[in-house]
Amino acid sequence: MDKTVPSLADAIAPIGDGAVVMIAGFGGSGAPVELIHALIDKGPKNLTVINNNAGNGHVGIAAMIEQGMVSKIVCSFPRSSDPVAFNTAFTAGTLELEVVPQGTLAERIRAAGAGIPAFYTATSYGTELAEGKPVEEFDGKHYVRERWLRADFALIKADTADTMGNLTYRMAGRNFNPIMAMAADCTIVQATRIVEPGGIPPEQVVTPGIFTDRIVEIAAPVQEETLIREGAVYP
Amino acid sequence: MDKTVPSLADAIAPIGDGAVVMIAGFGGSGAPVELIHALIDKGPKNLTVINNNAGNGHVGIAAMIEQGMVSKIVCSFPRSSDPVAFNTAFTAGTLELEVVPQGTLAERIRAAGAGIPAFYTATSYGTELAEGKPVEEFDGKHYVRERWLRADFALIKADTADTMGNLTYRMAGRNFNPIMAMAADCTIVQATRIVEPGGIPPEQVVTPGIFTDRIVEIAAPVQEETLIREGAVYP
Amino acid sequence: MSADLTSLKLTNDQIAWRAAQDIEDGAYVNLGIGFPERVAQYTVPGRAPVFHTENGILNFGPAPAAGEEDWDLINAGKKAVTLKPGAAFFHHADSFAMVRGGHLDVAILGAFQIAENGDLANWSTGKGAIPAVGGAMDLVQSAKRVAVLTDHVTKNGDPKLVKRCTMPLTGVGCVTRIYSSLAVVDVVDGHFVLREKLKAMSFDDLQALTGAELHVDGTVADLIVEGAGAPV
Amino acid sequence: MSADLTSLKLTNDQIAWRAAQDIEDGAYVNLGIGFPERVAQYTVPGRAPVFHTENGILNFGPAPAAGEEDWDLINAGKKAVTLKPGAAFFHHADSFAMVRGGHLDVAILGAFQIAENGDLANWSTGKGAIPAVGGAMDLVQSAKRVAVLTDHVTKNGDPKLVKRCTMPLTGVGCVTRIYSSLAVVDVVDGHFVLREKLKAMSFDDLQALTGAELHVDGTVADLIVEGAGAPV
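So the protein sequences, as listed, match chains A, B, C and D. Quick note on the numbering used here: the first sequence kicks off at 1 and runs consecutively. Quick note on the numbering used here: the second sequence kicks off at 1 and runs consecutively. Quick note on the numbering used here: the third sequence kicks off at 1 and runs consecutively. Quick note on the numbering used here: the fourth sequence kicks off at 1 and runs consecutively.
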């Protein structure tokens, strides 16, 4: 079993118009910038993007929005230090927004990966984000029912991958990566290094290979935050 | 912050009559045998035990049952190679049994740790284990609603602990340990070695210290399976 | 017929061999405790399925030599196993996230009864016995393919492939393929569809040993257990 | 009064200092983005709380020197941080399991409005603005103590402590203590209970700046910001 693919273009090749795409990362940390930019090069339209944020500056998800590829974004926090890409599209009415509390977003994604179609959380009870959702009382406390959140594809940034798709992550770059890897039909990974099976100690695997599908090595990944501070624009 | 305690007796001291106690391990793998035997030495009665199994031979949970400490057991698989302790008490009617599908057991425990009072699973739909539970249809498929499963105490077997309570596990001894550590009001850990903070690389922590309360070092833990093969009886 | 049947029918190892032929290279597979575990021994040369065990291992290998056991390295049947390169450990909630989330390609289990609507009974013989379910109910509801290995009839000669299960269910409408001691039968839209049968057995004889109608959809192939790696 | 108030009231750093005095040694604490983050700077000597950030770190420390940032090591405000010994990384579902599961001892957030029933509004000013909620709704519903840092009144002089919130809620009945620029107020059984107030301010003056009744239960202490580690 070898899940590696030779290029970024090969890695993102299955993503077409109208796909629902989870993009991991929290701000720039753990964001698979090279995969995102490869997707911009391909240029599918009408995508739904699931990410904690809604892009920053003119690279990564912000650049996807500027290229008109995104019709809907599901996130917890669309504000950023330079939100012009999101704000412009949202204000123009070309970009639909679903705001989800961050913990609910994470749990909805995890639920999809774990085969849990719905769960209850106290989060958002009594707020406008709970409007229209079923409410139930358990042990005297009120909870809102939330649905799983699935995707066609997940774009993941790993530190080390083995060829079977076992992954580790670098520091807090872990964030949404392991749960998004579980929740998509096809999980596409960029890894800083790819090793043979056995190259990751079995106790240190964070994402087991069963959750991953396609892996490409990007030996010196850029940091989105660095690009933004340099004023980079993609493409 | 130092969560270490000097002895097994100190570690299990808070556990009194009537407590609900999660005991990690799958069969003997990852089972905190020394903590269990210390609890037998103390001898609280009328305990509810949550474990995947219901003891084997005459040590560990089986010995707790033989000592008359357990009034109810919640597990997925009470059969074992030497189930006489469980079978005797169950047949005598002194031990209540709640059988839960293994994945549902794991998810109910994880739900308790994660603040999810209820969730839906396809598991057990249409079977007698779903009787009396709410059923809901999502996207054309039927699911059973399950409640979280909380405990007063969890008994955990770790490989390495730091004094702040961060833990790692040895091989498949991990099993129920990380999720039970999340689901109890007081999580009690036996660790093969205790190191200073920083002694576990932050990316290799499996159970973060926020989930643990009391840690005792047991430098050469016995394996339940070895005891059983030796015909050991406790006390 | 039962004397005939005994000489005719496949052994458990032969059934396991046949099931192994359908496991693709790279498939993620869970094998039930006991008889289904034998499928791993007949992995088709050149294919490398990845075996999952409920207690938190992917890509484990066969049992170690006697005396080499590590009791923290066991499978769901509590038997000692080994690791292959690329193995991973994970906790029980993650393990069943793999199961429940539909990430397993195949689950292979034993059976007491299988109904033509795909219902499976394999965990409890009914009232009286001490119930023990393990991970079976999770596996059958969520793996992409749920295959069953079974004798075609009980020790008493009663059909195990039935119209409706009379024993407590493990899951509803979950079985996709049955590898029996006499045939390979798929469950399609609430019917048994015969795919392969032992050449020495007529369709009518097989039907007589089956508790619900066997449908035919295209060719019924001979159920052949031979070639490289087949048990002898 | 507003000129008086400006000279009288605590600075944000003084409010943060006061809140820090209530954080126990070894407490697990989440500090909201911005103003609440300053609480960490006033940790009481001899106490070692463990700070949690939503994006998956326990026991992070202050910002690194300029130029030393690692952009995989940031907090929920996307600012670079450092690690203390005993830190741990984990994924977002585990991070919010800590939050939702009630494992945090204290969450400290900012506020637009706090109602006497404990309702909090701090995420949206209402229609028109682009909504952004982050982790606030999770934190306020589940931490053992939910404390708020806030000016006692808005820039226009309107009360921020009110009978009922008029802005979109973040959570219902969730706030347990308010550290304002003029007072320390608890929420008890649907009422504001005054615990401390600036000595230079009368109860009646404070009440006049508060949008709901201030109850007294025992002594009202002087709100004093001084001593070792207090901001100057």
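Hints should not be assumed to be uniformly reliable.
[Claimed, not checked] Stretch by stretch, here's where chain A covers chain C in the computed footprint (C-beta under 8 Å, at least three residues):
hint : stretch
1    : 43–55
2    : 80–87
3    : 148–159
Derived from the structure by calculation, the hints contain no laboratory data. Virtual Cβ for every residue (Gly too), placed ideally from N, Cα, C.
Run the structure past the numbered hints and jot down the numbers of the failing ones, going up. Checked against the structure, the only hint that fails is number 3, while the rest are satisfied.
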